[in-house]
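Peer 1: Since the structure of chain L is already known, use the hints to place chain F on it.
Number of protein chains: 2
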Amino acid sequence: MEFDEVVIKRRSVRDYDASKEVTDEQLKELFELVKLSPSSYNLQPWEFIVVRDKENKKLLKACANNQQFVEDASATVIVLGSTNPLVHAEEISADRVKKGTMDEEKKKKFEENVKKIAENKPEAMLWTAKSTSLSIMTLMLAAENMGLATCPIGGFDDECIKKEFNIPEDYEIMMLITLGYKSEKQSERPKRYGYEDIVHLEKFGEK
Amino acid sequence: MEFDEVVIKRRSVRDYDASKEVTDEQLKELFELVKLSPSSYNLQPWEFIVVRDKENKKLLKACANNQQFVEDASATVIVLGSTNPLVHAEEISADRVKKGTMDEEKKKKFEENVKKIAENKPEAMLWTAKSTSLSIMTLMLAAENMGLATCPIGGFDDECIKKEFNIPEDYEIMMLITLGYKSEKQSERPKRYGYEDIVHLEKFGEK
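From first to last, the protein sequence lines stand for chains L and F. Numbering-wise (the numbering used here), the first sequence opens with residue 42 and increments by one. Numbering-wise (the numbering used here), the second sequence opens with residue 42 and increments by one.
Only chain L is shown next, with the shape it has when bound in the complex (with noise of 0.2 Å):
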């Protein structure tokens, strides 16, 4: 599709056809696209959980204030932001050295910065929101080119998650993404805010 019709068509789906399913190969599809969003250093700190087994999602929805459509959509799945930034350093320094775009000095203060927002938990926590939902707008988009609809949920009990789903403590639960083929008639789309609303230019105030 063409990207502006995706941008444009694209919309949170809470209704969804609970029989059919999205397979490895879409799967696949999706991720080897989204896994080329930006990150801060490109250290990726993205990880997903896709749950497609209809027990799994019950247990999801028992986490997430049962929302029915987490059961209902082909896949649910969980956004995890690492929130150690050391984990990918050595190797993503290694590959731009390699490739000629880091340099010794630049590698210093790279590992300089990136010790920095380890050892800083709230900083490492927004750190790796930004970079992670970065990815998953890629995530919404490129299921919209699929033909697949999506809803991202803020919503849940992260303990709940952490635990019925095995998560390592060095990660957060940043959002849930559902995943299907939508059944819904399409409501209005809600407002948004226009040019005019969230652009200044130059300095703050001024258009």
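Honestly, the hints are just simulated from the structure, not real lab data. Since we're looking at a predicted model, the values are computed, not measured. Just to be clear, a hint being listed does not mean it is correct.
When chains are identical, the list treats them as one kind, so a pair holds in a single copy or across two.
As the list claims (entries may be wrong) - Derived pair list, reagent style SDA-like, types lysine to any residue, alpha-carbon separation capped at 20 Å:
1) Lys50 / Met187
2) Lys162 / Asp199
3) Lys162 / Glu213
4) Lys204 / Glu243
5) Lys162 / Ile214
6) Lys139 / Asn107
7) Lys102 / Asp198
8) Lys139 / Arg52
9) Lys76 / Tyr234
10) Lys95 / Glu153
11) Lys150 / Val63
12) Lys95 / Ala130
13) Lys223 / Phe151
14) Lys162 / Asp113
Peer 2: Relative to chain L, chain F alone:
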């Protein structure tokens, strides 16, 4: 452009043709797509300061570790996240009630939840970081589709930017995004972790 092609072609660009300009018409086209990004409760906590004036770009560069490409890009966008979810709350809930997607019970729950976020500063920061970053990804992809290159910048002096660009207290700077015409010979794409690395099936650690 086809959606997949946009995602695959997008790269973070640090070398710009400083002689080329981004017009008001291009900005309008860009942000009319950006605004269609989803956000928590549809509260759209994003605002953007587009800096194109040479002197202002120099000010911004000085607040951003003197990175030359902040000045060379046709524009650098200061992405603001509102940390006060109450600002749009009334208008957005009224819109949903009008369109029949929110009843009185849902409205009450919405108001409670939004108030809770507003009262907790670290939570409000995370809340705005996630929604605003969704809009940033749309911005970067939409720019690519328009033939414009971007680079997200996460390292800068907040206080310096807030002062120079008259940014009110209840906004935080989420990222800077350069926007312009690339001049660089593209380096090799840095390593991305693939499907097998980032996707778990059903529970953490299962493939």
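Peer 1: Take the hints in turn and mark each one as holding or not.
Peer 2: Each hint, compared with the structure:
1. Lys50 / Met187: both (12 Å within a copy, 18 Å between copies)
2. Lys162 / Asp199: both (17 Å within a copy, 19 Å between copies)
3. Lys162 / Glu213: both (11 Å within a copy, 18 Å between copies)
4. Lys204 / Glu243: between (48 Å within a copy, 13 Å between copies)
5. Lys162 / Ile214: Both. Shortest intra-copy (15 Å) and inter-copy (19 Å) distances satisfy the 20 Å Cα cut-off.
6. Lys139 / Asn107: neither (49 Å within a copy, 26 Å between copies)
7. Lys102 / Asp198: within (10 Å within a copy, 41 Å between copies)
8. Lys139 / Arg52: between (41 Å within a copy, 18 Å between copies)
9. Lys76 / Tyr234: between (30 Å within a copy, 7 Å between copies)
10. Lys95 / Glu153: Classified as neither: same-chain Cα gap 45 Å, cross-chain 32 Å, threshold 20 Å.
11. Lys150 / Val63: neither (43 Å within a copy, 32 Å between copies)
12. Lys95 / Ala130: neither (37 Å within a copy, 35 Å between copies)
13. Lys223 / Phe151: neither (44 Å within a copy, 24 Å between copies)
14. Lys162 / Asp113: neither (35 Å within a copy, 34 Å between copies)
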